[in-house]
Amino acid sequence: MTGDHQTLALLLFSVFVAVTLAITTWVSRHRHGSAEEFYAGGRLFTPMENGFAIAGDYASAASFLGVPGLIALFGYDGVLYVVGFLVGWLVVLFLVAELVRNCGRFTLADVVAARMSERPVRIAAGTSSVTVSVLYLVAQMVGAGSLVALLLGRSGGAAQAWTVIGVGALMVIYVSLGGMRATTWIQIVKAVVLLGGTVVLTVLVMARFHGDLDRLLLAAAGRSGHADAFLAPGLKYGGDWTARLDFISLGLALVLGTGGLPHILSRFYTVPTARAARRSAIWSIGLIGGFYLMAIVLGFGAAAIVGPEAVRGSNAAGNTAIPLLALKLGGGADSTGGTILFAVVAAVAFATILAVVAGITLASSASVAHDLYASLRRRSGRQRSEVAVARVAAVGIGVVAIALGLLARDLNVAFLVGLAFAVAASANLPVLLYSLFWHRFTTRGAVWAVYGGLIPALGLVVLSPVVSGSPDSLFPGVDFQYFPLQNPGIVSVPLGFVAGWLGTVTSTEPPDEAKHAETEVRSLTGAGAV
Amino acid sequence: MQPSNSRPHGGGGGPENTSGHHDGQDPAPEDMRYRDPWYDALASGWGEGDGTGLPVAPVPAARREGQIGRGADGAGEVYLEVQRSAAFQEVRSRYRRFVVPAVAVFFVWYLVYVVAATTAPGFMARPVAGAVNVAMLAGLGQFLTTFLFAWSYARHARLRRDRAALELRWDTQELTRGAAGGGAS
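Chains as they are written, first to last, in the working numbering: chain A, 1 to 530; chain B, 1 to 185.
Please keep in mind that the hints were generated in silico from the structure rather than gathered at the bench.
Where hints are given, some of them may not hold.
[What the hints assert, rightly or not] Just so you have them, the derived chain B footprint on chain A, three or more residues with Cβ under 8 Å:
(1) 85-98
(2) 230-237
(3) 248-256
(4) 283-293
(5) 515-522
Positions of the beta carbon are idealized from the N, C-alpha and C atoms, including for glycine.
Isolated chain A, as found in the complex:
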């Protein structure tokens, strides 16, 4: 990389940081410090604004860097990721968005705790929400790190570490100063920038092939060295039955995980009504779907124009395929066009990571302050304001994510996000669906559903080849691998549902009919919604 690339990319990135910091300052000028304001941005966003913000929140480094990278390396198998990411939105739209907006105030635990004995349920749901958020954050941090390694031309080393630290520090500033209102505007700006950048790249790729998708696919297949196999499933997940089962497991996690992501659920609290929540989900499905269709084109474009070898040479996991593609599309490493396009794409990717990181940090600090702190604090102790606790929690979560991000920097971003989805699908979705739809569900069932999904999901990841026992693992030196799959979803999601059922049927406490009636009536009509 030449100095021009770095200077321009850093300049553009600084512009984005300056703009978002200005937004943060501007929206927090009349700060009231209320929880309503901090967690939900006053609940006055329009469906369109929220739809863009959701798209900005959801289209993470995994989507912009990870997925095209996977497609560039493995062809069609990368497309399978994208389909799971999108179809999962139907679960959100049909079963979650409106009902959660009607029943809850700030977090997922609000919905569950409304029906149950509050303390244990809040602690359980808060713990699992924070876990999912931290896993998701790590993925974003890894994306930021590998991007900077490419930008500064040095793999690994101090630059990567300092980026991870810098991104973490910035997001903590955004979140703790601006709360949900600043976070939302940052996500909207980011969504517009990301979609704009993706459209430009897609148009350039298609122009190279004279608008002929067929030629693009054939060129990608030809350059990949796999011929037609590149355009069909099987290159990554087609080996032995373990690999195939691993993919089914991932697919299940992706489609069911979206509905359990805390930072997505909390976005629905920023609009005034359930109907607005539904319309924001529709907006986001349109935006995300369009974005993913373009991401597929870019992935095959990277395979055809850059070539899988060059992609792999730059980053073994493929995370830098899109910046490399931009460089080539602009005319190569020494051209002005290449420099500009590369810088723009690198800045867009940074913006993507920052915005997502801010959203997740906010959601998890809400879980810490609103669920965990509110349940665990000693009654006699000094009462701090919940929002002050949330600001401190944002700092703490930032530190944890930075530390883990430095540890996990060689894993593919899309793969890491797959793990976060698996935990969300196992620990958060069962308890959420049971509390919304099952009239017999009890406190014990709720607590069991959360831990019965969370513990197996995390335990199986620890025992999987991701952590130990293979050359690519986190700790290649040791071997305590007993579970063959990389993604635990196929085991842990059913376990979460079974545990919730088992806890309910073995519970001595009778189900509270009145509370169930309240949840059901409120969830479908919006009566008493804040």
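The hints should help you fit chain B onto chain A, whose structure is shown.
Same frame as chain A, but now just chain B:
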């Protein structure tokens, strides 16, 4: 309706009849609805089927049954009362009649796609036209069905659920306020 009630009631009676309804603190539901800042936002949809000319059968109002709830103590009773009302059951069954089959269909279709991609790569690799094979078409099909499901859900909810749910919302809030007020005085 008590015959000794001195207040004249026209037609159906009850809080719906706003003209000449001045009995104290309780605002009439219609008044409340117009004071609600989100009523306008709710009423403006995507340009079809929103106005008064709803093409669907109206849901029976919960108020008549809900009046029993006024005597009950506590908001919990009110919610049970509303849950048993025909109006709520209708809204719930409309929601479920759409969502349950829709979830089943898209979930099975997605699982079939994923399982086929992993267990039958030969079939998925079969070329259809040029570089496009079965797998490509199936992937695009997933995008297309997702968009279609989202659109039809939004349409179904807008036309068949929103108005009835909104009515129920105001009625329920009215009842819970009544229940809370009754307990306080």
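Those earlier numbered hints the structure runs against, lowest number first: Violated hints: none at all, because every hint is consistent with the structure.
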